[in-house]
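So you can see what is in the structure, the chains are spelled out below.
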Amino acid sequence: MSEESDEDYSARPSRRRFIAGAAAFFGFTFILSAIAGLGSRPALRPPGAVSEDEFLSRCIRCGRCVDVCPTDGIKLSGLLESGLGTPVMSGYCAVYLELINPDPVKNFEFKMNGSRGTPCLKCISACPTGALISIPVEEIRIGTAVINRNTCLGWTQHTCFRCVAVCPFNAVTMSEAGGPVVIRDICTGCSQCVYVCPTLPKSIGVHPYPERGLGYGYRWRWGKGA
Amino acid sequence: MRKRIQPIRHIIQVLFFVLLLFMVVGTICSFALGGVEFTEPLGALQVLVGVSIFNTPEKLYFLLASSAVLVVVTVIIGRAWCAWACPIMSVNELIEYVMKKSHYKPLGERGKKNREFGETRFATLAGVVAAAGISGSAAWCNFCPIGAICRTRSSGLIVAGAEVMILGMVFSANLYEKRFFCKYLCPVGGLLILLSKISAFFVPRADEKCRSCRACESICPEGIPLYSNNPDMSKCTKCLVCYTNCPYGAVRINIF
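Taken in order, these protein sequences are the chains called A and B.
Position 161 of the first sequence, counting from 1, maps to 158 under this note's numbering, and the rest follow consecutively.
Just add 78 to wherever you are in the second sequence, counting from 1, and you've got this note's numbering.
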């Protein structure tokens, strides 16, 4: 019985076994990633993210963006979120290095100074695979802020307006009706307004940017558009 | 030196474990440490086959250059990454040690000897690359236990449910056979074996003191028959247990 090992050691697995193994593992990986894609929802991706399908094909879940973010605003998603292990925004994006820990007074003075500050975007330069690509800060589209007028202090009591003061791009402004409104074309979805909103639950929230595509991912490649 | 090399290796394993899980910016999949940018080659390969057009040339160059680090290391010193740095291998070796101390014999090693699954790692590698190409996503990265163990910190030490499941599967497979994942499933290992086929340095060889007692084959985690003529050394992880445990001191590490 022990005699066989000398010659048989170099015996390679048959081609059939190789193909069977490859097919089995292909199926395993493919089915499991389809399962992971099932529960996925549209997600708030970090700044500079490419379209959702492309993002999922580029992101290798390395978590570098999580580690370099100075605000700890990015986390890796779990199961039944969007793409297991891919980064999603869990906090705010500072956009400029000066605006880490935003508060209304600081941000207002920053805007009044007229200087544009130093863009942060460390996550973009950290990304090794081009899932996040460098863009001007004005073109960041993490999501769009949406105000709940029923609980917003600006709409209910005509006070607060912290979101107006804090928004680095002046995308939240006073409306003629007296409350704050979001200009969707300018809003980057940095969530600094969410961070400073005093109500609980927050009266302003950032929703995924619809043009990025829904995060259902894992479509067949030839089913995609150009 | 013969007896001392294994403690040294374990210390280096612990250092890499701490480094890769807690110190570097990023995870094992891609990290920056000092001036060194590192990307794990299988992740890079999946991205390259998974995307149709590369959006920015800088990122492409970055990806190629940073994934070349491990490729170059593997081409020079072979598959040493597995036995000296990989956190999954480190934990598997720890489990192996605990099993040995508690006199547990893995199920697959109890009955008939020499169960041959064959070189299934290449099959998993082919399956993973095909899945990445067809689904257009880095599909393996979802389930990679090496990434999962390193992502525990990035997910705020609250590991996602699936990752606990994957790590549990990988570690409990040790109960069936020692280092089951590393031996049969790991596509990264398969890729590194392919690369180390052209590696020629630091290869253990049996010299003329060898008496073909086959202790090296039974102790080698990869089951390489070092005593025989021209064994296939591309699987060698350079863990040097043959060097430590050869009863006749017949193993030399050839630098060239």
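Simulated from the structure, these hints should not be mistaken for lab results.
It cannot be assumed that every hint is accurate.
[Claimed, not checked] To give a feel for the contact side, a few chain B residues facing chain A, derived at Cβ under 8 Å: (1) L111; (2) G112; (3) G113; (4) Y139; (5) F140; (6) Y175; (7) A201; (8) P223.
Note that this is a predicted model, so its numbers are computed, not measured.
We put the CB at the ideal spot given by N, CA and C, even for glycine.
Evaluated hints:
no. : hint : in the structure
1   : L111 : violated, 11 Å
2   : G112 : violated, 15 Å
3   : G113 : violated, 14 Å
4   : Y139 : violated, 10 Å
5   : F140 : holds, 6 Å
6   : Y175 : violated, 26 Å
7   : A201 : holds, 3 Å
8   : P223 : violated, 12 Å
The structure does not agree with the numbered hints 1, 2, 3, 4, 6, 8 stated previously, though it agrees with the rest.
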